[in-house]
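K.L.:
Next come the chains, spelled out residue by residue.
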Amino acid sequence: MWMTFVDFAVAGMVAIGMALILARLFVGPTLYDRVLAVNAFGTKTVLFLVVFAMMVGEPAAIDIALLYALMNFIATIAILKFFRYRSLEVALSQMALRRALDGEDDA
Amino acid sequence: MDVTQYFDYALMAMLLAVGVAIIRLRNLFAVVMLTGVYSLLSAAWFTSLDALDVGFTEAAVGAGISTVLLLAAMLLTSRECDKVTASRHWAALAVCVAAGAALFYALPDMAPYGAADSPANTGPGMEYMTRTAEDMKNIPNVVTAVLGSYRGFDTMGEVFVVFAAGVGVALLLGLSGRRREEDQ
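For the record, the sequence lines run as chains A and B. If you use the working numbering, the first sequence corresponds to residues 1479 to 1585, in order. If you use the working numbering, the second sequence corresponds to residues -16 to 167, in order.
Quick caveat, the hints were computed from the structure, so don't treat them as lab data. Note that beta-carbon positions come from the ideal geometry of N, C-alpha and C, so glycine has one too. There may be inaccurate statements among the hints.
Unchecked claim - Just a few of them, taken from the derived set where beta-carbon distance is under 10 angstroms, the chain B residues facing chain A: (1) SER22; (2) ALA42; (3) MET139.
Produce the complete structure using the sequences and hints provided.
P.N.:
Take a look at the structure:
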């Protein structure tokens, strides 16, 4: 009973954190605020799912949390590539080379 | 009483807030971000409703692939959306209200969540509950066993369809953004 209450309280606090990040995502004056907010929101979702899996005693939900962490990474890389290179086709291995050729000016 | 229902309410409230924000925002980049967050939230909600396989699909397709595809589409278009005239808002509102009213009209016919005598729990799928336990030991989720084994051929067809759709969209969008540079 006591552990159930702790799980519930932790999941509730993570949910409140998700709501606060959502507020930053809605008003966020610059685009970089929003990129950071989306990234932090993904992390909060992973945490929420792990606590939730503990709460309902279903370890399979932790697999979903792992998939989320991977997907969050893909989305963040795509967003940053979009900003830096205006293209999603540049391979990560060529990015340093491309930056050296272009100089340090912002894309 | 099940405490997880409070998380369902919280997640649904956040889904509603994100949906309203997607409609209100003019900055298309923020809208792309918010659609990714919408997918994450709905996948978390599906998980909380014990639909792990749906949550898995939503996380992979919605949060991962569709964010990348929407970004690729943004390479070909502008960063702000145009003003929409009020008359088109009214037409869309009328369609939404009509669909919502139809859904609320159908709501009383739905069986309660998890009811033992609902059509989903008494239909032909129930024989798999015992068959899965006999055929495969220690399978935690019957739905995953049905999708991956008994209906494996059907699932493979779905994979082909989704792959063909993804390749088609990637070819259409180009992902390189070169056309946009040529336009300028």
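K.L.:
Classify the hint on B/MET139 as holds or violated, based on whether any CB of chain A lies nearer than 10 angstroms to its CB.
P.N.:
violated (20 angstroms)
K.L.:
Tell me if B/SER22 is really an interface residue toward chain A, meaning its C-beta lies closer than 10 angstroms to one of theirs.
P.N.:
B/SER22 check passes; min Cβ-Cβ to chain A is 9 angstroms, inside 10 angstroms.
K.L.:
Holds or violated: is there a CB of chain A closer than 10 angstroms to the CB of B/ALA42?
P.N.:
OK, holds: B/ALA42 within 10 angstroms of chain A, min 5 angstroms.
Violation of the numbered hints given earlier is confined to hint 3; every other hint is satisfied by the structure.
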